[in-house]
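With the sequences and hints as input, model every part of the structure.
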Amino acid sequence: MSKKKQMKNRSGYMMLAVVAILYAVLYFFNADKILLALKASFHILKMIAPILLIVFFLMALLNTFLDEKNIAKHLGKESGLKGWFIALLGGILSHGPGYIWYPMLQDLRAKGALDGLVVAFIYARSIKLPWLPLMISYFGLAFTLVLSLYIILGAFIQGVLTNRLETR
Amino acid sequence: MLLAVIGLVGLFETYITPEMIHTLFNGKVIHDTLIGTAAGSISVGQPFLSYIIGGELLKDGISSYAVTAFILSFVTLGVIQLPLEFSIFGARFTLIRNLLSLVFAVIISWATAYTLELLNGYFS
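One line per chain: the protein sequences are A and B, in this order.
Residue 228 in the numbering used here is what sits at position 36 of the first sequence, and the numbering runs on without skipping anything.
Residue 104 in the numbering used here is what sits at position 100 of the second sequence, and the numbering runs on without skipping anything.
You may find that some hints are simply not true.
Which chain B residues stay away from chain A? Per the calculated CB distances, all over 10 Å, these [to be verified]:
| no. | residue |
| --- | --- |
| 1 | 23 |
| 2 | 27 |
| 3 | 34 |
| 4 | 39 |
| 5 | 64 |
| 6 | 65 |
Here are the computed distance ranges between Cβ atoms for each label pair [to be verified]:
| no. | chain 1 | residue 1 | chain 2 | residue 2 | range |
| --- | --- | --- | --- | --- | --- |
| 7 | B | 95 | A | 210 | 13 to 21 Å |
| 8 | A | 256 | B | 23 | 48 to 56 Å |
| 9 | A | 273 | B | 22 | 37 to 45 Å |
| 10 | A | 257 | B | 52 | 32 to 40 Å |
| 11 | A | 227 | B | 65 | 33 to 41 Å |
| 12 | B | 20 | A | 220 | 32 to 40 Å |
| 13 | B | 64 | A | 256 | 28 to 36 Å |
| 14 | B | 63 | A | 257 | 45 to 53 Å |
| 15 | B | 65 | A | 251 | 40 to 48 Å |
| 16 | B | 28 | A | 216 | 28 to 36 Å |
Hints were generated in silico from the structure; no laboratory data involved.
Ideal Cβ placement from N, Cα and C applies to all residues, glycine included.
Listed below in structure tokens is the structure:
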């Protein structure tokens, strides 16, 4: 295991320990509320488990069928408009909380995907297709359409800015 | 790390209530837009929660600029996820992405509210 990966694992365990201590301390102040928080956490875990499986499956597929050359072609410097299209559409279509997509996105970065496309993907995820009907019922069609268009535009501009800043 | 973040999300869902978010707004557009962005970035949960809270805020006369900023930062910014993002992507990427998201939450909310005002004026 590389040193960087070991460090990441260690910080993960530390963070988990901090959260566990937080739960334990807060339990003494308000046990009922902490049990509710624990219940909420299990509910989230149950909800994201199927999406996590999809993400792991996609990661396995990517690792099997896409090498650095392919990634560079579709999401790297030579990807052009196609790269933006894949990133924005992929972001809009992806489900679940953003953080479960992070390992896959980092995998793509490591294989040569542009940082700007990753940023655009993450921002485009704020268009939540399954929730759009509810948004329309709360705020109206015009609001939903205008906001969604600006989100796509914003995702693209942020991607371009990120590429300009050369984050790597 | 993922389990830790899920644990934190559970805590926040329980301890930060919609009523608490409600009390932060004071009716001034710039202040409320910034508060909307900040409140959205520390709130967690399913997106529909932001619509429900946003809908209530609109009913109470909070500006659409602030409500849009809240809805947008609710899904684009995540203070709780920062340690995970940092550990996976590294500091520089995380910082740039989140700063851009923060700035764009304000820009897009203003652009959306302003465009809708223009459209309403045009069609009425």
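Evaluated hints:
1. For residue 23 of chain B, the requirement that its beta carbon stay farther than 10 Å from each beta carbon of chain A is met, with the minimum near 15 Å.
2. Chain A leaves residue 27 of chain B outside its interface by the beta-carbon criterion, the shortest separation being 19 Å against a cut-off of 10 Å.
3. Separation of residue 34 of chain B from chain A is adequate, the least Cβ-Cβ distance of about 19 Å exceeding the 10 Å criterion.
4. Interface exclusion of residue 39 of chain B from chain A stands, the closest Cβ pair being 19 Å apart, more than 10 Å.
5. For residue 64 of chain B, the requirement that its beta carbon stay farther than 10 Å from each beta carbon of chain A is met, with the minimum near 14 Å.
6. Residue placement check: residue 65 of chain B keeps its beta carbon more than 10 Å from all beta carbons of chain A (closest about 15 Å).
7. In this structure, residue 95 of chain B and residue 210 of chain A meet the distance hint of 13 to 21 Å, their C-beta atoms being roughly 19 Å apart.
8. Range check, residue 256 of chain A to residue 23 of chain B: about 50 Å between beta-carbon atoms, so the 48 to 56 Å window is met.
9. For the hinted restraint 37 to 45 Å between residue 273 of chain A and residue 22 of chain B, the CB-CB distance of approximately 42 Å keeps it satisfied.
10. The hint said 32 to 40 Å for the Cβ distance between residue 257 of chain A and residue 52 of chain B, and at roughly 36 Å that hint holds.
11. Checking the proposed 33 to 41 Å range against residue 227 of chain A and residue 65 of chain B shows it holds: the Cβ atoms sit about 37 Å from each other.
12. Distance hint for residue 20 of chain B and residue 220 of chain A: a CB-CB separation of about 20 Å, inconsistent with the stated range 32 to 40 Å.
13. Judged by the Cβ atoms, the range 28 to 36 Å given for residue 64 of chain B and residue 256 of chain A is violated: they are separated by roughly 53 Å.
14. Residue 63 of chain B and residue 257 of chain A have their C-beta atoms about 51 Å apart, which keeps the hinted 45 to 53 Å range intact.
15. Checked against the given bound of 40 to 48 Å, the beta carbons of residue 65 of chain B and residue 251 of chain A, roughly 47 Å apart, stay inside it.
16. At roughly 30 Å, the beta carbons of residue 28 of chain B and residue 216 of chain A sit within the given window of 28 to 36 Å.
Violated hints for the displayed structure, listed by number in ascending order: 12 and 13.
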